[in-house]
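Student: Residue numbers (the numbering used here), protein chains in the order written: chain B, 1 to 529; chain W, 530 to 898; chain F, 899 to 1222.
Worth flagging that the hints you see were computed from the coordinates, not collected in a lab. A few of these clues could be false.
As the list claims (entries may be wrong) - Below are the SDA-like pairs computed for lysine to any residue, each with C-alpha atoms no more than 20 Å apart in a straight line:
hint : chain 1 : residue 1 : chain 2 : residue 2
1    : W       : K755      : B       : Q296
2    : F       : K987      : W       : R827
3    : B       : K4        : B       : E231
4    : B       : K322      : B       : Q296
5    : W       : K779      : B       : I320
6    : B       : K416      : W       : H829
7    : B       : K468      : B       : E338
8    : W       : K779      : B       : A151
9    : W       : K755      : B       : P392
10   : F       : K987      : W       : L547
11   : W       : K779      : B       : K416
12   : W       : K576      : W       : H829
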Amino acid sequence: MADKTISKARGDDSSPLAISLENINKTFGSVQANKDVCLSVVPGTIHGIVGENGAGKSTLVSILYGFYSADSGTVAISGEPVRLRSSADAIAAGIGMVHQHFMLVPNFTVLENIILGHEGGSDLKAGARQAEASLKSITERYGLSVDLQAAVQDLPVGLQQRVEILKALYRGARILILDEPTGVLTPQETEQLFDILGTLKAQGVTILLITHKLKEIMAVTDFVSVMRSGEMVDHLQTAQTNPQQLAQMMVGRPVLLDVGYQAAQAGQAMLNAEHLTVTETSGVTSLSDISFSVHQGEILGIAGVSGNGQSELLEVLAGIRKITSGTVQIGDRKITAEQPASPSEVKRLGLAHVPEDRHAMGLILPFTAAESAVLGYEYADLMGGRSPILSPAVMAAHCKTLMSSYDVRPAEPSLKSNLFSGGNQQKIVLARELSSQPDILLVGQPTRGVDIGAIEFIHKQLFAMRDKGCAVILVSVELDEIMSLSDRVMVMNEGKSMGIVRKADTDIQEIGLMMAGVTAASPRQQKAR
Amino acid sequence: MNASSLPRWIDIGLLPVLNLIAALTVAGVIIAIIGENPFVAMGVMIKGAFVYDGALGYTLFYTTNFIFTGLAVAVAFHAMLFNIGGEGQAMIGGLGVGLVVLFLDSVLPPLLVVMLAVPAAAAFGAVWGVIPGWLQARRGSHIVITTIMFNFIASSIMVWLLAGMLMAPGQMSPETRSFADGINLPLVYEVLQMAGFSVSRSPLNLSFVIALLACFGVWYLIWRTKLGYIIRATGHSERATIYAGHDPAKIIMLVMAISGALAGMMSLNEILGVQQRVILNFTSGYGFTGIAVALMGRNHPIGIVLASLLFGALYQGGAELDFEFQTITREMVLMIQGLIILFSGALAYLFMPAVVRIYSSLRKPTGSG
Amino acid sequence: MADLWLQFVLTIDATLRVATPLILCAMAGLFSERSGIIDISLEGKMLMSAFAAASMATLTGSPFLSLAGGILVSVALSLIHGFACITHKGNQVISGLAINILASGLTVTLGIALFAQGGQTPFLNKSERFTDIVLPFAEQAEHVPVLGTIYKEIISGHNLLVWVALFSVIVTGYVVFRTTFGLRLRAVGEKPEAVDSAGVSVSGLRFQAVIIAGVLCGIAGTYLSTAHGAGFIREMAAGKGYIALAALIFGKWRPVPALLACLMFGFMDALAARLQGVEIPVIGHISTDLILVLPYLLTVILLAGFIGKASPPRSIGVPYIKER
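Looking at chain B on its own, in the form it has when it is part of the complex:
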């Protein structure tokens, strides 16, 4: 049980636990999201909670923050039993939360966002003045400086996260919960965040870190609890475990963390981008002078923190976004600003696109799987070519075939797309795109929100495509994924290419620096273009 590891580690220290959860149960409809969950968090430590999507960590944390009430079980904060019926109760109990998707009002200033809900009276001006004063001491104590009058929407993501932390501290949090905080940060910004966490810990703040990134757990936590299928599997002292053990506990079986990269022989160039530039109507340049080429039988990984132009690059290549200047050459077709290509045309040129956002683009959630499996291929030969008539029978048969080849479960074409798990949804999209036997494959965030077992499968599929001679362009914010799959890596920062390197010639540190825009590739590496 939880107590054993914790009490062993604490020895004689008998001060009350920061958080003590006993037998928390929570059911949504027919799904039991949390089953007899126990948790003990020692004050002044950094405690990690790992688990796959759907393991129940978000539910648990939502209960701690008062979003949901547990069906049964007790919650004690600093030894005192509490009833957390709302966020207000949680805040009163000294719990602060930094959500994965920030809870900030974009067009308010930093100060307005921080005082929201704790304005100190009904007159705004007076309350704001008071808040500024007390914020000064907080920012100094924890080293979290930010321009209070800036509009939040103008701040970079790392600073916005800082505002979220400040908000929690301003409301008196002694326990800080961070939900997947590093998804939007560069490796360097992640280091900075962990420094801040260290400072907070030194000041006695207890930190609960929810993440699926095992490396971070190893790097920064004192204790780690593993959840699987709604239950707590075990609690460990971080120093006494390793990523393999944690991964196995998360999934329930030994997991291949690295699917086994094998160097490939690249053939001719299938796609050539030259000085690709995209400027938005707002004037912002999202892509600036990007040049690269992708060859048959290779995987080109595009690394970078999200929001640095990778999404725009994918969209340009897929024909969804217009080029401002520069060219993309696929076979004989030169795509330019004057002669743009539509998604249908690039499909005919042999390009397939697995989009980054399968919920908004890859699938249509309210459609059945059979209908989603036709998205983008309505006028393909398999659907009767140019005929305006849609045949439900043909759609269903096609979907059934895809489902069995790609092990989609349940293999039911008439099931609505949103009822499939993340991994199975992604498999449907992958199946649809790969079954058209593309020469060039664009893939964005292929394993986001996908459970570890399916990640294995998807990575294997991508290697298989590469080995069949397909040219694969892979965009991912998960550096590990880039490093394990790619033959060459192009790093993007603020719409520019920081260089293209052969994976064999580089390491994560160097890539991280390039992601932050710190160094461009050296001449040795530039040759890898």
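Given chain B, work out where chains W and F should sit, using these hints.
Tutor: Just chains W and F now, with coordinates in the frame of chain B:
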């Protein structure tokens, strides 16, 4: 459990019926408050809608209007567009009919004029629908607000024309001159009489058949064509549609054109079927009723026909109520309509928690699950 | 020349009277929409409260009781709207539409039952209405050039509710932009999650907004039947609720610009009435229909982005559902 996991018969059958009963119950209470017996009133309405001589014909006549405006709202809804402009589109459709007939009825044979007037109604209505569609697609103007505004603008245009340029000479009331003889859609009772059946008089005319054909057409378009697939896809996710290689802006405009055309054809029933001239306010709220019909009918032609029948019965029954009761007028129908829209539209899932509870407990024969 | 000046002044005077219900409804819409709830039912609330106020005035003889009645009824409709949209997360446009249609029908039905005058309420006499307040020295001021006429015609001689309407703009501006409640209101309209995670109730705020909207529409409706008019006539709101919505959008959801838009639309209305049948050199007859269509046309042009951008609060129309 939520709406998508309930069995279909509950979602499209039981819940709408419960909503209807709730609306009628509240209406009944109000009728009781004003001193009349709600059950008697209900009886009068039913008799007035179905039983009396010619009642069914009148009911179906109103039903025709609602089928057109209901289909209009439903088609737009499949693209997630809220077309509140049915009133205006019907008015302008009627204008189209009027213009074609008034300019051509002395020049061309009646049959030809009628055959030109029918697509004119659709075309003019389509134009009045496509403009807000364009504004939404290319300028981002919220279609709800623009279609509301366009209703008012259409009304002003009609007043301006019917009291001005198009007004029948020598008259004081804002309406056009009557159409030439023979320019009208055949009346059903006349056709049946010619075939040997004796049926009471009613204004039910051929546009009823056109409406039913439109129902089939809409069903086929939405669920059996690729365009329909793309329309539904656009409604659910514009980004997915772009990803698939289509232009949401074009789809939106096309859908609004179709929607406007359907609403425009409502004018055939009134103007070419009965009035044989263009008058003010012939739409008299039918456009808004179309919204209620589409909601109740869950945007599916079969549901729309049933809901249109219900509202047709309401209208015809309401006329009978007005006739028989001193204290009740046709506004009573408006009130009932508002309640139905409230319960079927905004409070559509009001009864769902209770239904789910009862349904789940009925489905658990042994304590498993 | 002097005659033209007088005509102009009288038109401005009429503008204030015509704009009053628009201003009140626009402020009502501001509160509601700033909190994220679309309110198409300004029209229906105004109509229903006009009826309630006129009925109360007939039955009790007191204009202040009629104001109370009007406000109560409008708030009741707001609560229905709130229940459907906030508690039940229903479609806000449909709910608004339903209330409008319900009001149209219910007012006449109840009117016939109560007063048997075909849906109208009996004609109200002076003591039962809000009457014009003549300010001191108004008559004497006539002799003062320019300012005197303005004082006499435009400033003096309006009833209480006109002043309430103008005052409501100041109050709205203060509450929405200078108080804690206003900060939270604006936050809930942009990003309700931020408010929820701060420990403040999203539904609570939205209900408060919707109730405030009800109060303001209630005053507008009362004005229509007991101040501006002398009783309730069927459909007497005559689209004013929609024009108020248009003015709100025109004013980009800010109090003072919305006020100006209301005044502009009111001016058009007053001008149209004045110009009926009048011959203007060169142009000839101006059809009042063309002037009356201007508010709607201008709103469409604004929405099309041809006169600047109109961006509503970010979370408007979307019911707040906690993410699982």
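Student: The structure should be examined with respect to each hint, and the outcome stated for every one.
Tutor: Verification of the supplied hints:
| no. | hint | result |
| --- | --- | --- |
| 1 | K755/W - Q296/B | 34 Å, violated |
| 2 | K987/F - R827/W | 18 Å, holds |
| 3 | K4/B - E231/B | 17 Å, holds |
| 4 | K322/B - Q296/B | 25 Å, violated |
| 5 | K779/W - I320/B | 15 Å, holds |
| 6 | K416/B - H829/W | 19 Å, holds |
| 7 | K468/B - E338/B | 34 Å, violated |
| 8 | K779/W - A151/B | 36 Å, violated |
| 9 | K755/W - P392/B | 11 Å, holds |
| 10 | K987/F - L547/W | 19 Å, holds |
| 11 | K779/W - K416/B | 27 Å, violated |
| 12 | K576/W - H829/W | 28 Å, violated |
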